[in-house]
Amino acid sequence: MGLLDFFLTSSPKGSAAVAKERLQILVAHDRTERNRPSYLPKLQREILEVIRKYVDVDVNAISVNYEQEDSREILELNIVLPEVAQR
Amino acid sequence: MARIIVITSGKGGVGKTTTSAALAMGLAQKGHRTAVVDFDVGLRNLDLIMGCERRVVYDFVNVINNEATLNQALIRDRRCDTLFVLPASQTRDKQALTKEGVGKVLDELSHTFDYVVCDSPAGIEHGATMAMYYADDAVVVTNPEVSSVRDSDRMLGILASKSRRAETNAEPICEYLLLTRYSPERVAKGEMLSVDDVQEILSLNLLGVIPESKSVLNASNAGVPVILDTESGAGQAYGDVVARYLGEQLPYRFLDVEKKGFFSRLFRG
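Chains as they are written, first to last, in the working numbering: chain A, 1 to 87; chain B, 1 to 269.
There is no bait here: all hints are sound.
Between beta-carbon pairs, the in silico distance windows are:
1. Asp81/B x Leu40/A: 50 to 56 angstroms
2. Gln44/A x Glu167/B: 24 to 30 angstroms
3. Arg36/A x His111/B: 40 to 46 angstroms
4. Lys214/B x Gln68/A: 42 to 48 angstroms
5. His111/B x Gln68/A: 39 to 45 angstroms
FYI, nobody ran anything at the bench for these hints, they're computed from the structure. Quantities reported herein were computed from a predicted structural model and do not represent experimental measurements. For glycine and all other residues, C-beta sits at the position ideal for the given N, C-alpha and C.
Chain A extracted, bound-state conformation (with noise of 0.2 angstroms):
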């Protein structure tokens, strides 16, 4: 065993590399959510509501985002009406 070893250590790449690049992905990730302002939710639920009472839209029709750059902060907001606006 201890011959064997000693030929195969020459190859150091292993499951650290793995590591990293899973974690550096989902890092990056948390980073973005912890930026995110705490009211999204919030907003998106009012937002649905005020629509509600004029167009008839679903839950999943709104889509509220918000990304960061540099020196500004985009809030985007999606909604996708209905073909026929109905009642």
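Put chain B on the given structure of chain A with help from the hints.
Frame of chain A; chain B shown alone:
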């Protein structure tokens, strides 16, 4: 005024209490009046690691509730007379640590001590947030392992938003990374994240790297902070950590595999 240091991590079992005991002992040995406070209400363990479990009469919660004075609850270390331990309570009521109560006790400690080391419980619940709330410095204890690194990053987010310094827009908490249970052999084989890998993700001020060592378990078995075991790698590494915290520039040790001869490599295992 004392400097308040929180030892935190998010994840459990990474070495917070070991680090709290070692750092507090190291600071006290340098002549600084140091108090080490256990915030793990319900699961008190710092007293065991410090070896003073049989001398606990009053605890942190008793002081908060005015059932005992701070001087009655503080336990003077038998090995170093500038070191004092404030044990946690074994009560199951975690809400016993109120923000006002903790603030009052830390304020009182600040008047007589140079350093107050706060040993945080694992997790991000009440006890952990109380331990970090009043901190000036934070030592984030991390193992070179995915879940620990992720939790540490999460902790950094909480330190930056839920501390007194954050809430009062004061200068932010000074954050340090302490990498523990490091195995240079496994890093060399590519089986473990290296210091550089972890730093690439967390990019903090590196306070030190503690090698995986049998002496840590031996020390906790005996109730002796591992920093007192100056023969061991872990003990020496903690010694460096204390010196670095106090501003000394030291090279990082125990990062590389100990050189072995050709024959010991060949016949290993």
